[in-house]
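Taking the working numbering, the leading residue of the sequence shown gets 1, the next gets one more, and so forth.
A few of these clues could be false.
Said to hold, decoys possible - In silico EDC-like cross-links for lysine to aspartate or glutamate, where the CA-CA straight-line distance does not exceed 16 Å:
| # | residue 1 | residue 2 |
| --- | --- | --- |
| 1 | K56 | D85 |
| 2 | K98 | E110 |
| 3 | K108 | D87 |
| 4 | K82 | D33 |
| 5 | K30 | E54 |
In case anyone wonders, no lab produced these hints; they're calculated from the structure.
None of these values were measured; they are calculated from a predicted model.
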Amino acid sequence: MKNGDLVSVSRDNRIKIWNYELSSVKTNIKAHDNEITSFLVLENGDILSHSNKEYKLKQWKTNEGFMDEILTDTRWGKPLIKLSDGDLAGAYPDFSIKIWNLQSSKIKKELFGHTHVVQALLQYDTDTLISGSSDRSEKFGI
1 MKNGDLVSVS RDNRIKIWNY ELSSVKTNIK AHDNEITSFL VLENGDILSH SNKEYKLKQW
61 KTNEGFMDEI LTDTRWGKPL IKLSDGDLAG AYPDFSIKIW NLQSSKIKKE LFGHTHVVQA
121 LLQYDTDTLI SGSSDRSEKF GI
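From just these sequences and the hints, can you work out the full model?
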């Protein structure tokens, strides 16, 4: 995080915010009813977390101290990334990548082309998303 704290998630359904210098837990949040499978920290310090078993994306508002459910029926696994325009990209079990607009909670675009689960996502520039899959291929596009 920008203030030097670290964030971790685990199979106990919790998000932990750590004071790096003291090696101590500052905040311990029960974020989901099931295992957290992916998360990311936003520029403002809020934390997005996702559970594959609940199909929910939640946002922990660190400054306000509460959890907000922002997307449901999200079946992505790992990875989950935030794009430069504020949208989210997530890999799905059907071997696709879906681009979500957080404001509208709608899918903007679906990308297909892999024959196995996507293991890696990277936004190279504003027009290029690079994905890697266990099908041993790389794909480019947005």
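Verification of the supplied hints:
{"no.": "1", "hint": "K56 - D85", "result": "22 Å, violated"}
{"no.": "2", "hint": "K98 - E110", "result": "4 Å, holds"}
{"no.": "3", "hint": "K108 - D87", "result": "9 Å, holds"}
{"no.": "4", "hint": "K82 - D33", "result": "24 Å, violated"}
{"no.": "5", "hint": "K30 - E54", "result": "14 Å, holds"}
The structure is inconsistent with the numbered hints 1, 4, although it conforms to all the rest.
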